[in-house]
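Protein chains: 2
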Amino acid sequence: MGKTLKDQMGQVIVPKTVKTPPPAVILVNPQLGQNIGGAVRAMLNFGLSELRLVAPRDGWPNPAAVSMAAGALNVLENAKVYETTEDAVADLTYLMAATARRRELEVPVVGSNDAGAQFRAWQGAGHKTGILFGPEKAGLTNEDVVLADAILTYPINPAFQSLNLAQAVGVFSYIWASSEGAAPPAVFQENISVPARREDLVRMMEHFEVELKNAGFFYPEQKSALMKRNIRAPFIRAQMTEQEVRTMRGMIKALVQGRGQKKVK
Amino acid sequence: MGKTLKDQMGQVIVPKTVKTPPPAVILVNPQLGQNIGGAVRAMLNFGLSELRLVAPRDGWPNPAAVSMAAGALNVLENAKVYETTEDAVADLTYLMAATARRRELEVPVVGSNDAGAQFRAWQGAGHKTGILFGPEKAGLTNEDVVLADAILTYPINPAFQSLNLAQAVGVFSYIWASSEGAAPPAVFQENISVPARREDLVRMMEHFEVELKNAGFFYPEQKSALMKRNIRAPFIRAQMTEQEVRTMRGMIKALVQGRGQKKVK
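Sequence order for the protein chains is L and S. Take 1 as the starting number for the first sequence in our numbering and just add one per residue. Take 266 as the starting number for the second sequence in our numbering and just add one per residue.
The set of hints was computed from the structure by calculation and includes no laboratory data. Every residue, glycine too, gets a C-beta built ideally from N, C-alpha and C.
A few chain L residues facing chain S, derived, Cβ under 7 angstroms:
| # | residue |
| --- | --- |
| 1 | Ala42 |
| 2 | Gln167 |
| 3 | Tyr174 |
Label pairs and their calculated CB-CB ranges:
| # | chain 1 | residue 1 | chain 2 | residue 2 | range |
| --- | --- | --- | --- | --- | --- |
| 4 | L | Ser67 | S | Pro423 | 19 to 27 angstroms |
| 5 | L | Lys80 | S | Ala424 | 15 to 23 angstroms |
| 6 | S | Arg366 | L | Arg237 | 41 to 49 angstroms |
| 7 | S | Ala424 | L | Ala138 | 32 to 40 angstroms |
Please model the complete structure; the sequences and the hints are all you need to start from.
Put into C-alpha cells, the structure is as follows:
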C-alpha cells in the first residue's frame with residue numbers, strides 16, 4: 001500500500017506516514033481475571049486495543065475478566081493467547097518491560113515521562129511495538145526482561161511499591177494517550193530503518209547459545225541461566241537490524257565450522 | 266512555626282519553604298467499597314495519603330474497601346468522612362474537579378500534562394489543595410464542579426469514556442508523582458499570597474444568594490439552581506483572597522441595607 005523510499009545507500013526506508021497501531025499490551029502469566037478485565041477497560045479508555053496474554057493462570061476465556069471489562073469486550077475478544085513470552089513478542093521490533101530497575105541486568109531504563117514519546121517515535125517510523133507486564137505476585141522474570149529494549153519505571157513510592165496489575169496497565173495507557181504530540185526523544189535512532197523483529201533476535205541468540213553449549217561454554221551448569229541473560233542483554237540493547245542479525249548468524253556459523261576444521265587432527 | 270514574611274504592601278507572604286501536604290483526594294458519594302480500596306492503594310503507590318469521603322453510599326468503614334486496599338490500610342483508617350462536598354473542601358485554598366469539560370460551566374480546564382505542576386506550585390507556596398472525584402455512575406454534579414478552581418481532564422478515548430473510579434484516582438496519583446521537579450506553570454499567580462479558604466468563598470456566595478433570593482432575583486424558581494451555578498463560577502475562578510472575600514461581603518451588605526433605606530416610602 002504505502003510508498004517505499006530508499007536512502008542514499010539504497011536501503012528501504014519506511015515512510016513516516018505509514019499508520020501503525022499503538023503498542024500492544026502483553027500480560028505475562030496474569031493470575032486474576034478481574035485484573036485482565038480492569039486492564040482492558042483502562043486500555044480502551046486511553047485508546048489502546050491490542051491485548052496479548054502469555055499462559056493466563058486460569059485459562060482463557062475467563063468470565064471474571066468479562067465482568068470487569070465493562071464496555072471493552074471487543075478488546076477482550078480480540079486478545080491473543082501465547083504459550084511463551086518469546087512467542088508473544090515475536091513480530092515486534094520495539095519492546096518495553098514495565099518493572100522496577102534491575103541492577104543485575106544491563107537493560108536501559110526509560111522514565112515514564114519519556115516512554116510515550118519513545119513509543120510514538122517507533123510507531124511513527126512504522127514499527128510494531130509492545131510492553132510487557134508480569135504476573136501479580138512475582139512480576140516479570142529476568143528472562144522476560146532481557147527480551148525488552150528498555151525497562152519502563154514509574155515514580156513509585158519506595159515505601160509502598162506493590163502496584164495492582166490493572167492499575168499498572170491503566171497508568172501506562174494514560175502515559176501513551178498523554179504523549180500525543182510530544183517531541184520525539186533525543187535518543188531515537190531514526191536511521192535504524194529495518195530493525196530485526198524480536199523473533200529473529202531470539203532465534204539468533206538461541207543459535208548462539210546452542211553453539212556455546214556445544215562448546216562447553218556454560219560452566220558451571222547452575223550458572224547457565226544467568227550467563228544466557230547476560231549474553232542476551234547487549235544484543236537487544238543494540239537494536240540490531242535484520243541485516244545485522246543475518247550477519248551475526250553467519251559469524252557464529254563460521255566460528256563453529258572453523259573450529260570443527262581445526263579439530264581435525 | 267515557619268517564619269512569615271511581608272511584601273511591600275505589608276501583606277503576609279507564606280514562605281516557599283513551608284512543607285504542605287500533597288493534594289487531598291476527595292471521593293464524592295462513592296458507591297463501591299472495592300473502588301475506594303483500589304483508589305487508596307494507588308494513592309499510596311504514588312505518594313498520596315489524604316483521603317476524604319463525602320457520604321459514601323455503603324457507610325463507613327467498609328470491609329470491601331479494606332480487602333482491596335492491600336497494604337495501604339493506614340490511608341483508609343485516616344480517611345475523614347463528611348456530609349457534603351462543601352464541608353469536605355472547606356479548609357482548602359486550591360481545588361480541582363476530575364471530570365469531562367462542562368460547556369455549561371465557566372470553569373477553566375487544566376490538561377493532565379499541566380495539572381501536577383499546578384498543584385505543586387500551590388503546594389510550594391504553602392497552600393492546601395485537593396481534587397474531587399464523582400460517584401461511579403453519575404460523576405460530579407455541576408454544583409460540585411463549580412466549587413473547583415479548575416477542571417482536570419484526561420486524554421480519554423471519546424468512543425469509550427467510562428473510566429473506573431479507582432483507575433481515575435490511580436492516574437491522578439501518577440500525574441502527581443510524575444510531576445516532581447516540573448517547571449512551574451506560566452499561569453500560576455504567585456502574588457495571591459492569602460487566598461480564601463473554600464469555606465469562606467462558599468459562605469460569601471451563600472450570603473449573596475440569600476440576599477438575591479430575598480430580592481426576588483431567582484425567577485423563575487426552577488431555574489434557580491442553574492442561576493446559582495452561573496453566579497458561583499466567576500468568584501471561584503477569580504481565586505479571591507481572604508481580604509477580597511471580606512470586602513465582597515461588605516459590598517453585598519451595603520447594597521442590601523442601602524436598598525432597605527430607599528424602600529422607605
